[in-house]
Every structure is written in structure tokens, then in C-alpha cells.
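Peer 1: Chains as they are written, first to last, in the numbering used here: chain W, 1 to 329; chain E, 1 to 329.
Because the hints were derived from the structure by calculation, they are not lab data. The reader is advised that the hints may include incorrect statements.
It does not matter which identical chain is meant; a pair holds if it fits inside one copy or across any two.
Said to hold, decoys possible - Once the Cα atoms are required to be at most 25 angstroms apart in a straight line, the calculated SDA-like pairs of lysine to any residue come out as:
1) K326 / D310
2) K326 / G156
3) K151 / A58
4) K326 / S144
5) K326 / H224
6) K151 / L188
7) K326 / Q109
8) K326 / W83
9) K151 / A183
10) K3 / D310
11) K151 / R185
12) K326 / S154
13) K151 / Q186
14) K326 / P312
15) K326 / P47
16) K326 / R163
17) K326 / S75
18) K151 / V181
19) K151 / A98
20) K151 / E300
21) K151 / S271
22) K151 / P208
23) K50 / T35
2 protein chains.
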Amino acid sequence: MTKTRIGIAGYGNLGRSAAIGVRQFPDLELAAVLTRRDPSSIERATPGVKVFALDQAASLADRVDVMLLCGGSLSDLPEQGPWLAGLFHTVDGYDTHARIPEYFAAMDQAGRAAGKLSVVAAGWDPGLLSLQRLLGRAFLPQGSDETFWGKGVSQGHSDAIRRVRGVLDARQYTIPREEAVEAVRQGLEPELSTADKHYRECFVVAEPDADREQVANEIRAMPHYFAEYETTVHFISAEEMARDHGGLPHSGQMLRTGRTGQQRENRHRLSYSMTLDSNPDFTAHVLLACARAAMRMAREGQSGARTLFDIPPAYLSSLSSEQLRKQLL
Amino acid sequence: MTKTRIGIAGYGNLGRSAAIGVRQFPDLELAAVLTRRDPSSIERATPGVKVFALDQAASLADRVDVMLLCGGSLSDLPEQGPWLAGLFHTVDGYDTHARIPEYFAAMDQAGRAAGKLSVVAAGWDPGLLSLQRLLGRAFLPQGSDETFWGKGVSQGHSDAIRRVRGVLDARQYTIPREEAVEAVRQGLEPELSTADKHYRECFVVAEPDADREQVANEIRAMPHYFAEYETTVHFISAEEMARDHGGLPHSGQMLRTGRTGQQRENRHRLSYSMTLDSNPDFTAHVLLACARAAMRMAREGQSGARTLFDIPPAYLSSLSSEQLRKQLL
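Extracted from the complex, chain W is given alone in its bound form:
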């Protein structure tokens, strides 16, 4: 079997997780890492990985089948995505929910023009939890669902705190309100905003001479990020940060409740939950399975953008359809 050659564009947390994760996928092999940093610095840190400058991408067309786009959604992907989708089949975890239609359209256009296939917005949310929302609504049309995020580290919120004057380092945990989860579980179908469902806990290493009360107030007042939420701020030492908050765990759950029957007398509950020690590791694994699916769709002659909603699930697996039916159905 010819292995699918994977490229990784962007070597931050997600890119590093993908470079390690690919070893668990027998039909994929790592062919290239692309970075905006000095390639030799990465080659020294990760022996055996072939590293290229990002702007050399166009010269790698005969080395890489599927490029994983591991840059950030805020500024990297909107710019790199359509460019790279014109050169390779691609997979990304674009996660700015509100702008997905716009990003999808740009990727679709670039891929169609080049005859390449892109899987966009894969990961766990958007991604696997979105898929569970779709299934829950398809099977139980009359009902309601809620998604809860956490307990886990939000990197966007952690970054936002780091921009506050007087802050050296920060970690923000998003935590679901247990009473909200319980109300949904009991089928009470409460009307809940994201802020009703979650609270935010911040761990901050402050500069020695910072006014802590001022820093805490500034964090709690940040619109969109914290102002709408119950937010607590804890000041800790750099040592405590390194010791207790080194990982990037996350969790999420989706609960769908629906009713059936002549008088809607029967209640049904579908619930999906994920508990992840490492958000980037798991996201990288989802991207890798999608790279396998992208290659299969591309071999059928498909091009343009797709999401997890469009992928026949069998394409995500290394097993044949016969094996899947015999072993897993």
C-alpha cells in the first residue's frame, strides 16, 4: 500500500501533536513540516523531521499529498488556507464558528480551481461535537440540545489575559455549571445562554509590582471574553503555573433530548462526552483521520471544500467497508 504523504504547515502545539500522532495511522506518513521560523531550529529539536520554510510550499507539490493546516484561526488560516488549498489537498481545524461560511467559501473556490480537496473546520468543536448535534437533530427532530465546554483550558481566553498590563502568564479554565448540565440531563429543556452554562476561572502570574485588584478588575471587565460570565481570578507564582497548569486538557459534551409517540409520551436522551488530556493531541488525531478521508474523496475525483458533515464515516477508518461491517456494525 502506498502511504499518504502528510505535510504539516505550522509547528506550534497542534503541528507538534500531529507530527507525533501520525505514527498511530498506518496508512499515513509524515513527509514535511513547513514553518515560518528558521527550519534548522526545528530540525535540531525534532530529528528525523524534514523541515522547510513555509514560503517554499509551492515546491513541495510532489512530496506532499495532504497538508494539515496547523496555524491559528485568527490570522494564519484566512490567509494561508486558500493559498495552500490551491497547492495540496488540505485539512484544518478552523474554529471561528461565526466565520465558517466565509472561510468555507474561500477554501471551496481555491480547491475547485486547483482540483484539490479540503476538509475544513474539523476537530472536536467545530467537528465531532457538531456531528453529534447533527445526528441528534436528524434522529430526534422534536427536541432540544445543549453543548457544554470544559472543564478545560481556553487558549483564546488565556491569550486575552496575557495582553492585560501587569500580567506575565495566564491560564483560563472554562467550566460548565453543574446545575445547568443537570437541568438539561433531566430533560427540563431550560433556555440557557453560553454564560448561563459556564463560568470562568483564571490563574494569573502577575508582575511583582502589579496592582492585583486592578488586574483582576480589568480581566473581569473584558467584553465578550469575561464581562458576561461569572469570572474568578487567582494569582499564583510562576512555579505554581509550571507545576499545576502545564497541560492543555479540555472536555465537552452534547446532550439531545427528544420526544416521540402519538402524544409525545416517550422521551429519549442522547449524550456524547469527551474528556481530553491534551486538546492539541486529540485535535491533531481528528485532522489525521480527516486527511485519510480527504485522500479517498480526492481519488474519487472530488474537489473543493468539505466538512465532517460531508464525509462518509467509513472514509475516516483504516479498515475496509467489509471489515467495518463485519467487525464494528
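Got chain W sorted already, so can you dock chain E onto it with the hints?
Peer 2: Same frame as chain W, now just chain E:
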């Protein structure tokens, strides 16, 4: 929009649930019920439903787009399935796991020959839980998973008890062992047989002069059904049976644990659970969503057999791809 016209072949629990459930699917309409009983007996009980004799099926080709096969897996589907798959697009919940490859092949051949598309073995297991097993293994290749069934009524086991001499009525509940679920939840990856994971509780209405000890022993000794399991038998009155065991609830859960990272230091857990007040209602809803998907695949010119593994999830939804990306991704 032209609605997809649904036929229901077999008007037992599942067929009746489908006839009610179809009202929740705005793009589907019930066109015909086919039965081996006297059609007029069903027309009287369910006004407004058009009922035909099953052997008239061939004459309904211009009335029905997708036929839901609602007969039993033991003897009805192996015979009716390939015949009806040669006349209509079909969807069924064939659930004899060990014989799926054989049934799939027969349905595939019949459908291809006739240019019709069949979705086979849909429902919750095989079906939705199978899909969760596939996703868990695709995203976390190094790990293990377990599926638990119950607490819920097993109709096959209830039927088996009813065949014991001296038994008037019976209901059998399959119940997961809490300690086994807990061990899997904690990631201990225990080696468990189905009998290690579940026990069986039987409620029996005996004939007045039956030897209850003899009946209980005979139940507990039945190979495949009970002999391998911890099984308890309770004798109750017909009134208690009607009052306490009238429904057909069921439940199921799938837990996947996997590891990632350079030293496999990160653990991840995916868990899916369903709690269903009515097994036939929920199964019927899954079949109805699959009928929608079958129609879409057929319109693309596809024919032959498919499973939930082959269906792009978007095809199960009434929403367009644009709406799905905007609202659910």
C-alpha cells in the same frame, strides 16, 4: 418540495412507531402500509393510513419511493428484504450482527440489479452505536472500547422465555454491571465478555399450576440466552406485568479510551450514551432519517446496499449543507 413517499412493510411495534414518527419529518409522507394480516383490520384501528396486502407490493411501485422493512430479522427480513429491494429503495434495521455480511450481500445484489438503493442494519445497535465505535477507533487508533446494553427490554430474550412450558408472558431486562462500566470509565481497559458486562432479570407470568422452580431452572439453563449470564427470575401476576412492564425502554453506551503523545502520556475518553423510553420509536426515527438519506443517494444515481458507515451525515438532516455549516458546525 416534493415529499418522499414512505411505505412501511410490516405493522408490528416498529411499523406502528414509524407510522407515527414520520409526522416529525417534514420532507417525508406516509404513502402505504403493507401487512400480511387482513388490511381492513388495520384500517379500522388506524384511520387515514392506506393499507395493502404485502403480496401486492409489486403494484405499489408508483406510490412508494422508500420502503421501510419493519419485519423481524430472524425470518422476515432474509426473505422479504431482497425481494422488496428489487422493487423499492429500502431501509431496514436488520440486527442479527453475525449474519450482516450475508444479508448485506443479498440486499446489495438485489438493489444493484434493479437500480435501487438500500440502507441496511440501521437503528441504534447495529447503527448509531456502531457509528460511535467507528469514530472512536478512527480518531483514537491506540486504545480500547466497550459497548454496554441496557437497562432495557430485550424482545428476543422475552420471546425465548415465552416458549418455556408453563409461561404465559415474560419480560427480560438486560442490565449492565455497574462495576464493569466503572472499570471501563476509569480507563482500566479490562478484558470483558458480554456476560461479564451484563446480567439478566426476568419477569414471568406463569400458568397457575406451573412448577415455578422448574420454569426458573429451565430459563436459567437456556444456552446462548441465559446459561452464560447471571440471571434472576421473578414471578409476577398478569396485572403486575401490565402495570409495571408495558413499555419497551432500552439504553446503550459506548466508551472509547485512547492514548496519545510521545510516551503515550495523554489519555482521552469518548463516551456516547442513549436512554430510550421506547426502543421501537427511536429505531423507527433512525430508519426515517435513513430513508431521507437513501432518497438523496438514489437521486445521485447510486444503487445497491449501504450502511450508516457509508452515508455522509448531512444526508440524514433536513437542512441544507449551507444551513448545517452555519447553524450546527
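Peer 1: Each hint should be assessed against the structure and marked as holding or not.
Peer 2: Against the structure, the hints come out as follows:
1. In the homo-oligomer, the alpha carbons of K326 and D310 lie at most 25 angstroms apart both inside one protomer (24 angstroms) and across protomers (14 angstroms), since each shortest distance falls under that limit.
2. Taking the closest pair of Cα atoms, K326 and G156 come within 25 angstroms of each other only across two copies (21 angstroms); inside a single copy the shortest separation is 43 angstroms, beyond that limit.
3. For the identical chains of this complex, K151 and A58 are neighbours neither inside a copy (41 angstroms) nor across copies (57 angstroms), given an alpha-carbon limit of 25 angstroms.
4. With identical chains, the CA atoms of K326 and S144 are at most 25 angstroms apart between copies only, with a shortest distance of 18 angstroms across copies and 34 angstroms within one.
5. With identical chains, the CA atoms of K326 and H224 are at most 25 angstroms apart between copies only, with a shortest distance of 20 angstroms across copies and 49 angstroms within one.
6. Taking the shortest alpha-carbon separations for K151 and L188, both the intra-copy value of 23 angstroms and the inter-copy value of 22 angstroms come in at or below 25 angstroms.
7. Taking CA atoms no more than 25 angstroms apart as the test, K326 paired with Q109 passes between copies only; the shortest distance there is 18 angstroms, against 39 angstroms inside one copy.
8. Taking CA atoms no more than 25 angstroms apart as the test, K326 paired with W83 passes between copies only; the shortest distance there is 23 angstroms, against 41 angstroms inside one copy.
9. Taking the shortest alpha-carbon separations for K151 and A183, both the intra-copy value of 18 angstroms and the inter-copy value of 22 angstroms come in at or below 25 angstroms.
10. Taking CA atoms no more than 25 angstroms apart as the test, K3 paired with D310 passes in both settings, with 23 angstroms inside one copy and 23 angstroms between copies.
11. When the C-alpha separation of K151 and R185 is checked against a cutoff of 25 angstroms, the pair qualifies both within a copy, at 17 angstroms, and between copies, at 17 angstroms.
12. In this assembly of identical chains, K326 and S154 lie within 25 angstroms of each other by CA distance solely across copies; the values are 22 angstroms between and 40 angstroms within a copy.
13. With identical chains, the CA atoms of K151 and Q186 are at most 25 angstroms apart both within one copy (21 angstroms) and between copies (17 angstroms).
14. For a Cα distance limit of 25 angstroms, the shortest separation of K326 from P312 qualifies both inside one copy, at 17 angstroms, and across copies, at 20 angstroms.
15. Proximity of K326 to P47 under the C-alpha cut-off of 25 angstroms is found in neither arrangement, the shortest distances being 41 angstroms within a copy and 42 angstroms between copies.
16. Taking CA atoms no more than 25 angstroms apart as the test, K326 paired with R163 passes in neither setting, with 54 angstroms inside one copy and 31 angstroms between copies.
17. Taking the shortest alpha-carbon separations for K326 and S75, only the inter-copy value of 21 angstroms comes in at or below 25 angstroms, while the best intra-copy value is 45 angstroms.
18. Taking the shortest alpha-carbon separations for K151 and V181, both the intra-copy value of 12 angstroms and the inter-copy value of 22 angstroms come in at or below 25 angstroms.
19. Taking the closest pair of Cα atoms, K151 and A98 come within 25 angstroms of each other only inside a single copy of the chain (23 angstroms); across copies the shortest separation is 40 angstroms, beyond that limit.
20. For the identical chains of this complex, K151 and E300 are neighbours neither inside a copy (41 angstroms) nor across copies (43 angstroms), given an alpha-carbon limit of 25 angstroms.
21. For the homomeric pair K151 and S271, the shortest alpha-carbon distances inside one copy (17 angstroms) and between copies (16 angstroms) are both at most 25 angstroms.
22. With identical chains, the CA atoms of K151 and P208 are never at most 25 angstroms apart, being 29 angstroms at best within one copy and 58 angstroms at best between copies.
23. In this assembly of identical chains, the alpha carbons of K50 and T35 lie at most 25 angstroms apart only when taken from the same copy (11 angstroms versus 66 angstroms across copies).
When each numbered hint is compared with the structure, violations occur for hints 3, 15, 16, 20, 22.
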